[in-house]
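> Hey, can you work out the whole structure from these sequences and the hints?
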Amino acid sequence: MSLPSMQPLGYDQSYSFHTPASKASGGYTQHRFNPYADNGGTIIGITGEDFVVLAGDTRHTSGYNINSRTEKKVYRLGGDNGLVLATVGFGADSKDVAETMMRAVNDFKFNHNLKNMSVSAAAQYLSTVLYNNRFFPKYANCVLAGLDKDGKARLYSYDSVGSYSKEGETRASAGSASSLIVPFLDNQVEFKNQFVPSSKGQEERPVVPLDPITVAKLVKDAFTSATERHIEVGDGLQIVTVTKDGVSEEVVDLKKD
Amino acid sequence: MFRNNYDNDSVTFSPQGRIFQVEYALEAIKQGSVAVGLVSKTHAVLVALKRNAEELGSYQKKIIGIDTHLGVALAGLAPDARVLSNFMRQQSMSSRLLYSRPVPISRVVNAIADKAQVNTQHYGRRPYGVGLLVAGVDETGPHLWEFQPSGMVLEYKGAAIGARSQSARTYLERAFEEFVDSSREELVLHGLKALRDSLAQDKELTVANTTVSVVGIGENFKLYDGDEVGEWLEKLGNVQSSRGGRTGEEAAESMDTSE
Amino acid sequence: MNHFPEAWGRPRNDVYGVYDASHLQSSMPNQHTQSPIVTGTSVVALKFNGGVVIAADNLASYGSLARFTDIERLKQVGTHTIVGAGGDISDMQYLHEKLLDPLIIKEEYQNDGHHLRASHIYRYLSKVLYHRRSKFNPLWNTLLVAGWDDGKPFLASADLLGTTFSAPALSTGYGAQLAVPLLRRICPDEAAVENITREQAVAAVEECMKVLFYRDARSLSKYSLAIITREDVESAEGETKERVNIEWKKDIELQNQSWKFAEGIRGYGAQVV
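Residue numbers (our numbering), protein chains in the order written: chain A, 1 to 257; chain B, 1001 to 1259; chain C, 2001 to 2273.
Be a bit skeptical, because a hint or two may be false.
If we take Cβ atoms under 8 Å as the criterion, some of the chain C residues that face chain A in the derived model are [said to hold, decoys possible]:
#1 Ser2166
#2 Ala2167
#3 Ala2191
#4 Ala2192
#5 Glu2194
Once the Cα atoms are required to be at most 25 Å apart in a straight line, the calculated DMTMM-like pairs of lysine to aspartate or glutamate come out as [stated by the list, open to error]:
#6 A:Lys72 with C:Glu2190
#7 C:Lys2135 with A:Glu99
#8 C:Lys2106 with B:Glu1023
#9 B:Lys1041 with C:Asp2232
#10 C:Lys2152 with A:Glu250
#11 A:Lys95 with C:Asp2150
#12 C:Lys2152 with B:Glu1231
#13 A:Lys115 with B:Glu1219
#14 B:Lys1157 with C:Glu2190
#15 B:Lys1222 with A:Asp186
#16 B:Lys1061 with A:Asp107
#17 A:Lys256 with C:Glu2237
#18 B:Lys1041 with C:Glu2242
#19 C:Lys2106 with B:Glu1228
#20 B:Lys1041 with C:Glu2194
#21 A:Lys109 with B:Glu1228
#22 B:Lys1115 with C:Glu2107
#23 A:Lys256 with C:Glu2190
#24 A:Lys255 with C:Asp2150
#25 B:Lys1157 with C:Glu2237
#26 C:Lys2106 with B:Glu1139
Far from chain C, some chain B residues (derived; all Cβ distances over 12 Å) [claimed, not checked]:
#27 Arg1003
#28 Tyr1006
#29 Phe1013
#30 Tyr1099
#31 Pro1104
#32 Ser1106
#33 Tyr1123
#34 Asp1138
#35 Glu1139
#36 Glu1178
#37 Ser1183
#38 Arg1184
#39 Gln1201
#40 Glu1204
Hints were generated in silico from the structure; no laboratory data involved. Note that the Cβ used here is the ideal one computed from N, Cα and C, for glycine as well.
Given below as structure tokens:
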């Protein structure tokens, strides 16, 4: 299996799809059907005060092959609500999780007199779905976003067995280039390692919610940089923005090399 | 005294070849308030009259959305309709998940017809006590189907079920040739006129008791309630039955189904 | 006489000895497919303006043995769709005979004007493949589904893990390395599809089949090709209706082969004299 925690470290550092042949205890090499694959790609989410952005590249890979340049990773969980889910990892599991969520949101609506599921309920439900599959995990790293009943942006990020923070996050990233993007977002969204110039490094720069234009710039910068440095990221960038007026989507080009 | 010996269950034919329990189930539809459905080339419309059992209570639900391309109007036992509509939602969702295809209207109608038929052939079961009008749009266009507890389903250009529905049907029979080329708005008004004609003499259509739903090619199923139907009622003008003297037959019908 | 009905008509234990039931149960856990046995290699497909072309050779290999040379790996499913299969041949046959054929028969018997089109069949296949992988009992195939769907050409891929994706040029197996780069030269993205003629597309796929035959040791020079197009037909009522047309070319031999490059090859590559 190629869960991230099982990746070899150190000098044997390899791409995310590399799985070393396993030696069974008898000393012979064991061949076994591997139900997982890694289809590469990266997703990020950034919140503002009253809006949230989820974005993912549209490259779909198997090993060194590019299967498709146009596979989207960000899903709307219904036509008339602000729930958005981005998943990355094993493509088949990712789509299955997204579909399970779409179905749950739809069922909820019909069972609650056409009321939409709140983002916190969807967040808890997603955690339950992933956790219930813990003995055969869905290799899908999820980021869920929406607006709460006060119109405030909510963003949740999960590991593959459903751990998440109920408080939510201001920014999140998952997938093959997340290790490249997370420190960038730490610096640019949380203002980590930024200080008030006159304080000689004594006073941290105060954190303020970002405006939509800054967030859009950050998203594009994060992905153009990740595209330069990671082979599994590129081709196209799907950016989904949730505001009180609804959900909008934009797809921009990334480098295809 | 005469007592019917052939109506104790739904698996026994009477010597005349009738199954009384099924016929009684059809009577249950007539106890419900009226629902009307009609189709054009582009749209399928359901309109229905809601009743409130008492002043303190809310109005009952007459139209249920099943999916974005499909909905039902009911007359009869509302709980039975809920069971059937939940089943239809499951069918609809399965079709979307397994084939990424909105379920064809005729298929989902036949599925509930098969369920209903089973109840007429097994001892200890009760037929559904509800009639449905199923309106939806699929790849072959807009459709309107009528469902009965006997398991019978038929496709219609216009149909009405429930108390005093014969008057609505009379309107539909007179006007149905105009339906095909009607616009969305014209179709709704035709539906409301049919509904209006089925009203008792002292009753009228109001924003509180009228419910409308529309689904069309490229237009999702939508339910209109309360103030949302006000504009249509204004266009309708007269909100009382336009029919003059009632025929004896209709008067008799309204006796045992009084609102 | 024994008065247990289940014993009637059975060989008597006192005459024949106790029945040896050991073969009815295995002492081992159930084993599922862990590797393919008889296999097909690449399937190649490309969209063009007004349709899709798809091709696969006729070879079924048993390891490195060219076991069967008359296997059809492209199959029409319903009225709008071709499914091409790489990987295990018996799994492909199971897929068609036990799942798709009954599915289509059921659909068409309804006779209500609805048909399962390419996207529906593709969705169904992806679900089957993903469910089987989740039961640790995969159908060892990579499938390309090509067809005409909702007024557009349709082409998508699904594999034994349930991984799904779509692109205007696709290939399974070795073709993913050798054919896709060639096809992407004339069809880099979805927008390019409308500038590709049917003739260009067929020529490009034929060229790919040739390159694959040169370089893929598990391939054959005999292959099948199917071209899915739409056409307008006039119905009895005088309405123009869209009809999907599938043109087959079977048992075709690769044309214009050139093995000139082979003359310079010595040994396995490092050798020069």
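> Could you tell me which of the hints above the structure violates, numbers in ascending order?
3, 4, 5, 8, 12, 14, 15, 17, 19, 20, 24, 30, 31, 32, 34, 35
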